[in-house]
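When you get a sec, could you build the whole thing from the sequences and use the hints?
FYI, the numbering for the sequence shown is 1 to 511, going by my numbering.
I should point out that these hints are in silico values taken from the structure, not numbers from a laboratory. Quantities reported herein were computed from a predicted structural model and do not represent experimental measurements. Watch out, some of these pointers could steer you wrong.
Said to hold, decoys possible - Below 27 Å or equal to it, Euclidean Cα-Cα: the simulated DSS-like pairs (lysine-lysine) are: (1) K495 / K85; (2) K205 / K445; (3) K495 / K445; (4) K446 / K205; (5) K28 / K499; (6) K505 / K28; (7) K389 / K428; (8) K495 / K446; (9) K499 / K205; (10) K389 / K85; (11) K445 / K28; (12) K505 / K495; (13) K28 / K85.
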Amino acid sequence: MASEPVRIAVIGSGLAGLVTAYSLQTLKATHPDGSPLQLYVELFEKSQALGMDSTSISVDFGDGTTPFRFDSPMRSINGVFQLYKHLDVALRRADFSYSFARLSRNNDGANVEASPPPPYAVKDGETLNGFVTPPRSGKNVKRQPQRTQFFYVYLLLLAFAYSWMGLTSRTSRRYWLRERLGLDRLATESVDEFCERYWIGDRMKNEVLVPLYAAVSTVGRQQARDMPVAECLGELLRKDQATMRECLRSDSRPSFIIEYIVSTFGSSHYVAEAGVQQVVRRLVAPIPIDQVHLSSAITSITTSSSTSLHQPIKPPLLPTSSALVPVLSALQSISYVRTLVVNHTDASILPQIEQDHRDLNLVSYDAPRPASDSKGEFNDIDTSTRLGKGSIQATHIISRTHPRLCDSSLGRELYQTTNPIVDIDENKILSTAWYERAVVTRESKKILPGFLLEPSSKIGQTYQGRENFWFVGSWCAEGIPLLEGCLTSSERVVKELVKVLGVEKEVRLRW
Numbered sequence: 001m002a003s004e005p006v007r008i009a010v011i012g013s014g015l016a017g018l019v020t021a022y023s024l025q026t027l028k029a030t031h032p033d034g035s036p037l038q039l040y041v042e043l044f045e046k047s048q049a050l051g052m053d054s055t056s057i058s059v060d061f062g063d064g065t066t067p068f069r070f071d072s073p074m075r076s077i078n079g080v081f082q083l084y085k086h087l088d089v090a091l092r093r094a095d096f097s098y099s100f101a102r103l104s105r106n107n108d109g110a111n112v113e114a115s116p117p118p119p120y121a122v123k124d125g126e127t128l129n130g131f132v133t134p135p136r137s138g139k140n141v142k143r144q145p146q147r148t149q150f151f152y153v154y155l156l157l158l159a160f161a162y163s164w165m166g167l168t169s170r171t172s173r174r175y176w177l178r179e180r181l182g183l184d185r186l187a188t189e190s191v192d193e194f195c196e197r198y199w200i201g202d203r204m205k206n207e208v209l210v211p212l213y214a215a216v217s218t219v220g221r222q223q224a225r226d227m228p229v230a231e232c233l234g235e236l237l238r239k240d241q242a243t244m245r246e247c248l249r250s251d252s253r254p255s256f257i258i259e260y261i262v263s264t265f266g267s268s269h270y271v272a273e274a275g276v277q278q279v280v281r282r283l284v285a286p287i288p289i290d291q292v293h294l295s296s297a298i299t300s301i302t303t304s305s306s307t308s309l310h311q312p313i314k315p316p317l318l319p320t321s322s323a324l325v326p327v328l329s330a331l332q333s334i335s336y337v338r339t340l341v342v343n344h345t346d347a348s349i350l351p352q353i354e355q356d357h358r359d360l361n362l363v364s365y366d367a368p369r370p371a372s373d374s375k376g377e378f379n380d381i382d383t384s385t386r387l388g389k390g391s392i393q394a395t396h397i398i399s400r401t402h403p404r405l406c407d408s409s410l411g412r413e414l415y416q417t418t419n420p421i422v423d424i425d426e427n428k429i430l431s432t433a434w435y436e437r438a439v440v441t442r443e444s445k446k447i448l449p450g451f452l453l454e455p456s457s458k459i460g461q462t463y464q465g466r467e468n469f470w471f472v473g474s475w476c477a478e479g480i481p482l483l484e485g486c487l488t489s490s491e492r493v494v495k496e497l498v499k500v501l502g503v504e505k506e507v508r509l510r511w
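Have a look at this one:
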């Protein structure tokens, strides 16, 4: 007689949840006696649409053409490339260029005079609409570009050195050098502390490194300065100087750093040609429709002797078994920030001169001079469509990076701004959405090893699998919480869960 299938509830339909459900539903595994492992997978999502694509929008230009679909928030891939290939999702190369601009702190409005920028950021010093614009010509300046390159190469050398010396055993000569240089500090050392230790200038830090790091992590300026520097160094290893390639997540553990140096340094990045809706459809396709539950917020997780499929809704509750107390305590160390994404057609938030536009345009207010000025600089919300001065605004000019929209004569200007710090014309807003993003902190790095399922990470207690609870998500892997973390954590949990269910032979996922 065939055994009853093991029932598994996957809660949440972001990439981590979808990949977990897809992997378990399509898994082919057998017990030692040759009998197949049978699973009954259910997917629960609190929204009316599957999470990964729930806030993306379609724009009808009113000219008889097919509505244009674009992702919200923007999603590019590298670490999930093999998954997308397996799903046969059409990909388009997208090597983004960057610009940096800043606003004066003297006034809340955008149209104010900005203070002079550092020489490596602007050569001609022109200011328009309150923005300090990137240079249009380098004819009058010969030495300043060399200074920029020096800072960049210096940081890259530091990053490579930390990676090289991190891959050492205790008997290696490099281990002695690693200890003398204090490499172990990276686990807790902040960006501020690191820049001070290695004489990285305040202007380079405040007007290039911190805005870039904050934009990738979608956090405020002060939060980026306080975050562990290991992730920041990893970002530098993944970014090509010539094209300012889009930043991806980094891994703070040395064994992962070297892997990503080989696979991503100087390489191209891609986006899904038809948007992530195609990814969502293909991931959810193998799951029977009656096992996908939308508009289903989980308010209670309890055990019951009843055999009915759906239990009555009870007040919000988690099991209070003593085995879960450390897990719940550890989860309190995971910090989140609210992120605002606005899709719109308002070009006024960009530098006035079109020559100064890039694919991704980062804007921030001048860094506060006294340290005390930064205390209130977290993502304080001024309006429903604008954040405070401590945020970093990132505007993606979608029209520049999609072949269908690149012809400016068609008038199909589309912009996506993350964490706006200047007002966007309400009449030109297409949609707005708030998200919660996990942020790396010193506290979260301390408890993270307990959620990792790697032999080298099992230091002390593990939180995975207690009382049959397993955790996946962007935060549940090394590095900045991005798509790659979703995939990595999902793969690890699926493989470990199958072992717990009695499958001795290690399973290989289909991609």
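Verification of the hints:
no.: 1; hint: K495 / K85; in the structure: holds, 21 Å
no.: 2; hint: K205 / K445; in the structure: holds, 23 Å
no.: 3; hint: K495 / K445; in the structure: holds, 23 Å
no.: 4; hint: K446 / K205; in the structure: holds, 26 Å
no.: 5; hint: K28 / K499; in the structure: holds, 13 Å
no.: 6; hint: K505 / K28; in the structure: holds, 11 Å
no.: 7; hint: K389 / K428; in the structure: holds, 23 Å
no.: 8; hint: K495 / K446; in the structure: holds, 24 Å
no.: 9; hint: K499 / K205; in the structure: violated, 46 Å
no.: 10; hint: K389 / K85; in the structure: violated, 41 Å
no.: 11; hint: K445 / K28; in the structure: violated, 35 Å
no.: 12; hint: K505 / K495; in the structure: holds, 10 Å
no.: 13; hint: K28 / K85; in the structure: holds, 20 Å
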